[in-house]
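*Asks:* Model the full assembly from the supplied sequences, consistent with the hints where possible.
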Amino acid sequence: MRTPKLPHIRPSEITAERYFRMRRGLLASALGLAGASLIPASGRAAPGAPAATPAAGAAALRYTRNPHFVAVDKPNTYEEITGYNNFYEFGIDKTDPAANAGSLRTRPWSLTIAGEAEVTGRYNLEDILKAHPLEERIYRHRCVEGWSMVIPWVGFPLGDLLKRFRPTSRAKFVEFTTLLDPQQMPGQRRGVLDWPYVEGLRIDEAMNPLALMVVGVYGRELPNQNGAPLRVHLPWKYGFKSGKSIVRIRFSARQPRTTWPAAWPDEYGFYANVNPNVDHPRWSQATERRIGEGLFAPRHPTEMFNGYGEQVASLYQGLDLRRNF
Amino acid sequence: MISQADQRYRFVYKPLLFLACSVPLAWVLAAVCNLTIGTHLPAPGLGVDPVRRMLGIFGHSALNLLLVTLCVSPLRVLTGNARLLRLRRMLGVWAFTYALLHFLTYVGPFQGFSWSAIVKDLVKRPYITIGFTALLMLLALAITSTNGWMRRLRRHWQSLHRLVYVATALGVWHYWWQVKKDIREPLLYAALATMLLGWRLWRRQRDALRAARAAPRAAPRAAPPASVPATSNSALPTAPERT
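Line by line, the protein sequences give chains V and W. 1 is the number of the first residue of the first sequence in my numbering; add one for each residue after it. 1001 is the number of the first residue of the second sequence in my numbering; add one for each residue after it.
Don't take each hint at face value.
As the list claims (entries may be wrong) - Covered by chain W, according to a simulated footprint, are these stretches of chain V (three or more residues, beta-carbon under 8 Å):
| id | stretch |
| --- | --- |
| 1 | 89-97 |
| 2 | 280-293 |
| 3 | 297-311 |
Claimed, not checked - Away from chain V, derived, C-beta distances all over 10 Å, residues of chain W:
| id | residue |
| --- | --- |
| 4 | L1016 |
| 5 | I1057 |
| 6 | H1060 |
| 7 | L1067 |
| 8 | V1068 |
| 9 | G1108 |
| 10 | R1162 |
| 11 | V1166 |
| 12 | W1173 |
| 13 | L1192 |
| 14 | L1196 |
| 15 | A1214 |
Unchecked claim - Listed next, the in silico SDA-like pairs over lysine to any residue satisfying Cα-Cα at most 25 Å (straight line):
| id | chain 1 | residue 1 | chain 2 | residue 2 |
| --- | --- | --- | --- | --- |
| 16 | W | K1124 | V | R189 |
| 17 | W | K1124 | V | N324 |
| 18 | W | K1180 | V | R290 |
| 19 | W | K1180 | V | G146 |
| 20 | W | K1124 | V | S284 |
| 21 | W | K1014 | W | R1162 |
| 22 | W | K1181 | V | L315 |
| 23 | W | K1180 | W | V1123 |
| 24 | W | K1180 | V | K163 |
| 25 | W | K1124 | W | I1143 |
| 26 | W | K1181 | V | K163 |
| 27 | W | K1120 | V | K163 |
| 28 | W | K1181 | V | P265 |
| 29 | V | K74 | W | I1143 |
| 30 | W | K1124 | V | D266 |
| 31 | W | K1181 | V | D93 |
| 32 | W | K1180 | W | F1132 |
| 33 | W | K1124 | V | K74 |
| 34 | W | K1180 | V | R299 |
| 35 | V | K130 | V | R107 |
| 36 | V | K74 | W | G1112 |
| 37 | W | K1014 | W | W1157 |
| 38 | W | K1014 | W | T1036 |
| 39 | V | K74 | W | G1108 |
| 40 | W | K1120 | V | K130 |
Rather than coming from a laboratory, the hints here were simulated on the basis of the structure. Ideal Cβ positions, reconstructed from N, Cα and C, are used throughout, including at glycine.
*Replies:* Written out as structure tokens, the structure is:
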């Protein structure tokens, strides 16, 4: 099979969105809550970095800090972010991924682009990443289970990547498939879910500047348990929407059959937007527990679209979010 | 006259069992002290999400101890050692204690004492309703577990304490219902509970058949045999055996 040459990204394609205005972020900067002391910028180590020091093993990344996405809340520590994960490919318990993800080999890694796009084929991940300048964005992460974290991701806009493959007008959805390899992913030896894990978005959701392709956390390469070497993060959606260890991106005309809704259609929907007004059948989504705040911290009220409504609410105009949960 | 075996139960086995039952609580307490007031007690810690871990430890301990409590009668029959029954009350009360701690962890650290959210959960979430029902049952059993209540309730005591089967079943159901996808563990609990209950039903059936065969002209429904403590030399009255 002939693989077309990987198209270069035009700078004009990125910059317009890179400086996408975010009132929350601007407000935070104005208040001086940038959390700058916590976060190393431009690849420099922060002087006297506190408890959140990443493991020495992970390679440092070169990136800039996106001033529009800085911390309003205190970011979780590296230990919390990398030690408490839902990544069933490595086991069911929250501590399983950190314990078992060592068997995943992230190099070399290839990414297949398929479906309704002008450019498809199989690419070496390093070749793909070269074109994308990395930035740090501090995002709130809300799990469908009712807990949340604040995470300084390093990545680039998902849309920047997708546009390079020139999706056709038939591409209404985009699907992300996680690696399927029970040798490397011991959790896949059991049929807890229908492997491989598949997630998907409407194409306009994927192109929203908030959607982030993630390659690192706390200024370092992503640890395996967080979805190395390439994962999505969609801060306005519940965590399970963000596919990890992605090997395949497919543009499609039809809504993809995604893993959790397929397994449990009455509990997990395709959209999975964070919504305090639509409860999970078995628990309330009105509030959340912020991991790392200790035993007697009060719960936080959950915000519509996890507080990112200004950026994404327009995507869902006219859509009944109670039915399309 | 207290036999040596009785003394061993009173002064060795029972205290040891008490200690064993308190291990999960001691672990959590030590870890909570380390977390909140910065002590350096030797405890394995509660991980990144201590609240969730505490819910799990207390909930599992309650279920485990309920199943162990239900094992006492079969073990007595298997070994012929009636003294085992003297350990049962302690096991049962510890099971209740852990169920209560599980609930208190839910009320305080998990829900942050938000009573409106708690009441909503109790009404709207069936798995919480059944868990709470099980807790109330265990509360009734714990209160009436004393010698005084045993005397006062007489034969009703035994009927009342059959609620332990219902509470165990509800507890397993409560666990099963809130597991997201991997049902191996709740399945194991359900299997064990079914076995323990099945054994009792099987014995009842067998005894009833035997009684019917032995006295064909007697009333068809034989009353359950009045339970007589097998060791009458005990200083403490032994709980009547439930089968």
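*Asks:* A separate judgement is required for each hint: does it hold in the structure or not?
*Replies:* We went through each hint and held it up to the structure:
1. 89-97: The restraint on the stretch 89-97 of chain V holds, since 3 of its residues have a Cβ under 8 Å from chain W and three suffice.
2. 280-293: Holds, because 8 residues of the stretch 280-293 of chain V bring their Cβ atoms closer than 8 Å to Cβ atoms of chain W.
3. 297-311: holds (count 3)
4. L1016: Check passes; 31 Å lies beyond 10 Å.
5. I1057: The assertion about I1057 (chain W) holds, with a minimum of 13 Å to chain V.
6. H1060: Fine: 13 Å to the nearest Cβ keeps H1060 (chain W) off the interface.
7. L1067: holds (22 Å)
8. V1068: holds (24 Å)
9. G1108: violated (7 Å)
10. R1162: It holds; R1162 (chain W) is separated from chain V by about 30 Å at its closest Cβ, greater than 10 Å.
11. V1166: Since the minimum Cβ distance to chain V is about 22 Å, V1166 (chain W) lies beyond 10 Å and the statement holds.
12. W1173: holds (13 Å)
13. L1192: For L1192 (chain W), whose nearest Cβ neighbour in chain V is about 20 Å away, the distance exceeds 10 Å, so it holds.
14. L1196: The claim holds: L1196 (chain W) sits with its nearest Cβ about 26 Å from chain V, beyond 10 Å.
15. A1214: Label holds. Min Cβ-Cβ 52 Å, cutoff 10 Å.
16. W:K1124 to V:R189: violated (36 Å)
17. W:K1124 to V:N324: OK: K1124 (chain W) and N324 (chain V) at ~21 Å, within 25 Å.
18. W:K1180 to V:R290: Satisfied, since the Cα-Cα distance of roughly 20 Å is no more than 25 Å.
19. W:K1180 to V:G146: holds (13 Å)
20. W:K1124 to V:S284: Answer holds: K1124 (chain W) to S284 (chain V) is near 9 Å, not above 25 Å.
21. W:K1014 to W:R1162: The given pair, whose Cα atoms are some 23 Å apart, holds under the 25 Å limit.
22. W:K1181 to V:L315: This hinted pair is violated, its Cα atoms lying about 31 Å apart.
23. W:K1180 to W:V1123: Satisfied, since the Cα-Cα distance of roughly 21 Å is no more than 25 Å.
24. W:K1180 to V:K163: violated (36 Å)
25. W:K1124 to W:I1143: violated (28 Å)
26. W:K1181 to V:K163: Violated - the C-alpha atoms of K163 (chain V) and K1181 (chain W) are around 36 Å apart, more than 25 Å.
27. W:K1120 to V:K163: With Cα atoms ~46 Å apart, K1120 (chain W) and K163 (chain V) exceed 25 Å; violated.
28. W:K1181 to V:P265: Satisfied, since the Cα-Cα distance of roughly 13 Å is no more than 25 Å.
29. V:K74 to W:I1143: Violated, because 46 Å separates the two Cα atoms, which is more than 25 Å.
30. W:K1124 to V:D266: holds (16 Å)
31. W:K1181 to V:D93: Distance of about 11 Å is within 25 Å: holds.
32. W:K1180 to W:F1132: holds (20 Å)
33. W:K1124 to V:K74: It is violated: about 33 Å lies between the C-alpha atoms, which goes past 25 Å.
34. W:K1180 to V:R299: holds (22 Å)
35. V:K130 to V:R107: holds (15 Å)
36. V:K74 to W:G1112: Cα-Cα ~20 Å, so holds.
37. W:K1014 to W:W1157: holds (23 Å)
38. W:K1014 to W:T1036: violated (33 Å)
39. V:K74 to W:G1108: Holds. K74 (chain V) to G1108 (chain W) sits at ~23 Å (cutoff 25 Å).
40. W:K1120 to V:K130: The hint is violated at about 52 Å.
Figure legend: structure checked against the earlier numbered hints; hints not met, in rising order: 9, 16, 22, 24, 25, 26, 27, 29, 33, 38 and 40.
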